[in-house]
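Peer 1: Please build the complete structure, drawing on both the sequences and the hints.
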Amino acid sequence: MTAIATGAGAFRLEEIPPRRYADTSAGRRQGALEGDAERTVRPVRPALGLSNISLTFGGVAALREVDLEVAQGEILAVIGPNGAGKSSLLNIVTGLYRPDRGEVWFGEHSFREVPTSKLAALGVARTFQNLALFKGLSVFDNVLMGLAHRVRTGLLRQIVGSPLARRIEAENRAAAEDVIGFLHLTEVRDRLAGTLPYGVQKRVELARALVARPKLLLLDEPFAGVTLTEKRELSQHVRNARDSFGATIVLIEHDIGIVMGLSDRVAVLDYGRKIADGTPDQVSADRAVIDAYLGVTHEDETELAI
Amino acid sequence: MPVLTPAKSSWFSGETLWIVLVIVAAYGIVPLAGSDYLLDAVLTPFLALSLAAVGLNVLTGYAGQVSLGSAAFLAVGAYAAYNLHLRVPALPLLIDLVLAGGVAAAIGIVFGLPSLRLRGFYLAVSTLAAQFFVQWALTKFSWFSNDNPSGVIDAPVLSIAGSAFTSAAERYVFSLTIVVVLTLLTLRLLRSQSGRNFIAVRDHEIAAKVIGVPLLRTKLLAFAISSFLIGVAGVLWAFAYLRTVEPAGFNLDRSFQILFIIIIGGLASLRGSFIGAAFIVVFPLLLSRVGAALLGSVFDSGVLEMSQRIVIGALIIVFLIAEPRGLIALWDRAFAAVRPAKRPA
Chain A
1 MTAIATGAGA FRLEEIPPRR YADTSAGRRQ GALEGDAERT VRPVRPALGL SNISLTFGGV
61 AALREVDLEV AQGEILAVIG PNGAGKSSLL NIVTGLYRPD RGEVWFGEHS FREVPTSKLA
121 ALGVARTFQN LALFKGLSVF DNVLMGLAHR VRTGLLRQIV GSPLARRIEA ENRAAAEDVI
181 GFLHLTEVRD RLAGTLPYGV QKRVELARAL VARPKLLLLD EPFAGVTLTE KRELSQHVRN
241 ARDSFGATIV LIEHDIGIVM GLSDRVAVLD YGRKIADGTP DQVSADRAVI DAYLGVTHED
301 ETELAI
Chain B
307 MPVLTPAKSS WFSGETLWIV LVIVAAYGIV PLAGSDYLLD AVLTPFLALS LAAVGLNVLT
367 GYAGQVSLGS AAFLAVGAYA AYNLHLRVPA LPLLIDLVLA GGVAAAIGIV FGLPSLRLRG
427 FYLAVSTLAA QFFVQWALTK FSWFSNDNPS GVIDAPVLSI AGSAFTSAAE RYVFSLTIVV
487 VLTLLTLRLL RSQSGRNFIA VRDHEIAAKV IGVPLLRTKL LAFAISSFLI GVAGVLWAFA
547 YLRTVEPAGF NLDRSFQILF IIIIGGLASL RGSFIGAAFI VVFPLLLSRV GAALLGSVFD
607 SGVLEMSQRI VIGALIIVFL IAEPRGLIAL WDRAFAAVRP AKRPA
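Heads up: the protein sequence lines correspond to chains A and B, in order. The opening residue of the first sequence carries number 1 in our numbering; numbering runs sequentially from there. The opening residue of the second sequence carries number 307 in our numbering; numbering runs sequentially from there.
Heads up, a few of these hints could be off.
[Claimed, not checked] Computed, partial: chain B to chain A, Cβ under 8 Å:
id : residue
1  : Thr489
2  : Leu491
3  : Arg494
4  : Leu495
5  : Asn503
6  : Ala506
7  : Arg508
8  : Asp509
9  : His510
10 : Ile512
11 : Pro520
[To be verified] Pairwise CB distance ranges (calculated):
id : chain 1 : residue 1 : chain 2 : residue 2 : range
12 : B       : Val487    : A       : Ala174    : 15 to 23 Å
13 : B       : Gly426    : A       : Glu187    : 32 to 40 Å
14 : B       : Leu397    : A       : Leu156    : 19 to 27 Å
15 : A       : Gly225    : B       : Val624    : 34 to 42 Å
16 : B       : Gly426    : A       : Gly181    : 37 to 45 Å
17 : A       : Gly154    : B       : Val487    : 15 to 23 Å
18 : B       : Gly426    : A       : Phe111    : 28 to 36 Å
[Claimed, not checked] Quick look at which bits of chain A chain B covers, simulated, 3 or more residues with Cβ under 8 Å:
id : region
19 : 108-122
20 : 128-136
21 : 145-151
22 : 154-167
By construction, these hints were calculated from the structure, which means they are not laboratory data. For glycine and all other residues, C-beta sits at the position ideal for the given N, C-alpha and C.
Peer 2: Next comes the structure, spelled out in structure tokens:
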């Protein structure tokens, strides 16, 4: 915890004070299960909203009429057995899949089909279940790529090094250096990303997503395949992204221990349906969830952390 | 694969020193010490092929888009410069050169459009269309070759601001200057955001898209830059090296030759492009000397050509299996073994 606190300083959290997020999440904790009743009275639009999303592959329904709302500054975990549609959900939110029905909301903007190329400009960043780093770039350049959408100068100005191009490049480099220090990647800064151990690559991918200080951060199994110590540390970084610059976070995770400690709210998917949505305590006590996923009674049929 | 960002961005790094040393040697020593044969038959084609390989490497090595149409863009550059010189005599040669590159870039963008939907093998096949279309058009429409029945063009004398570059050494220096300037500009491009975008699109297209890399622009930019460089290389090939060219000289064999240069030299490495080009130019000469010494008169030109193809084919296979990063990786390893303290950039 102490190491994280010092790290937060390096991340320049003074720019955006951690205003009201604590209250919001606390408020959510209280009345989250009555989500439907609450929706009509909430004054601020949720950071992310899914309404009535359905998706089929051929005849197989991957998602059925899923509704989901994530409040500003909330950490939502999506859990569920393999094939429950968790990754499909993120792929719809990032426009990689097109839903058969339903809409995706980012704050004020609603989309039938999310334009992937505009995500970064909308303040949305994501990581992938299987690593999606640029193997031929150094760790530093990978993190710098997280700011690619900020480079608005043309080719000639980049080659010549016009004042604007140089200013943008310098700003981006400073931001990348910050995140690299924050996530303790300084030692591997100049190594090619493809040559690093799995756990470190996961951290680089998180750094690449964090560098743009996204409003909405989508993490697809960010802790899969890393050691327990690394998991604890990474989950602190995730929490810190919310606390320091107010990111709203949606994460898919198998490790129930981590999920319960980290998230404000948990949504459970099973066979493409949302079967529960509430605080970690509420969800872990839910009969349907235990049957479908937590597997207290049917342990042999379920699939837990890898 | 290279680390694009030097560890320290101080201007006088070891890398900069190497570049300066090579350029000084290329200008100061080679033109004085080299024979006309060396300059004319070895170094000038080496420079033109190097530039073409740099161009293809931008597209294939860095941006990951396979192309089999390089020779078409060489031809476009050569014929565009010829026609610009012939039909707009007022333009200085350097402007012709840049515009010829521009024409090649424009055609490169057109043939790059399928890359938005096709990748890998399928894209390579669609770039073959460029190869066959350009060769056909240059032969079919005699306008391009000023109504020469076989499409042959004779290159004008290279002259800039009244001073002509006619001797072998002068044509070498002309080529060298163009190649050095364009290679350094390419190096800067590859180290800018656009260059990082190329590698991002190559390594993980979906992640690049989610991050906000404009895929369409990035791919077409790679095709444009690549075709520009290859087009200018075509001008050097036609004007500084052969001085008489015909469309048949820019056939599929030439495209493969440039592809082999970057595979043998090293994908995604500018230095690899030069080493590969040197290898492809020097290797047949060495082979003919060695063959003649060992086998005497049995080793005639037919046998030479066959053995050359066999050996290069075998080498490609060996490199793809044993060292996909090409000669430059061997070079770096040798260099690191000599000076273990410092890692070459």
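Peer 1: Hints first: check each against the structure and report whether it holds.
Peer 2: A quick look at each hint next to the structure:
no.	hint	in the structure
1	Thr489	violated (13 Å)
2	Leu491	holds (6 Å)
3	Arg494	holds (5 Å)
4	Leu495	holds (5 Å)
5	Asn503	holds (6 Å)
6	Ala506	holds (5 Å)
7	Arg508	holds (7 Å)
8	Asp509	holds (4 Å)
9	His510	holds (5 Å)
10	Ile512	holds (7 Å)
11	Pro520	holds (7 Å)
12	B/Val487 x A/Ala174: 15 to 23 Å	violated (32 Å)
13	B/Gly426 x A/Glu187: 32 to 40 Å	holds (36 Å)
14	B/Leu397 x A/Leu156: 19 to 27 Å	holds (21 Å)
15	A/Gly225 x B/Val624: 34 to 42 Å	holds (35 Å)
16	B/Gly426 x A/Gly181: 37 to 45 Å	holds (39 Å)
17	A/Gly154 x B/Val487: 15 to 23 Å	holds (20 Å)
18	B/Gly426 x A/Phe111: 28 to 36 Å	holds (31 Å)
19	108-122	holds (count 6)
20	128-136	holds (count 6)
21	145-151	holds (count 5)
22	154-167	holds (count 5)
When each numbered hint is compared with the structure, violations occur for hints 1, 12.
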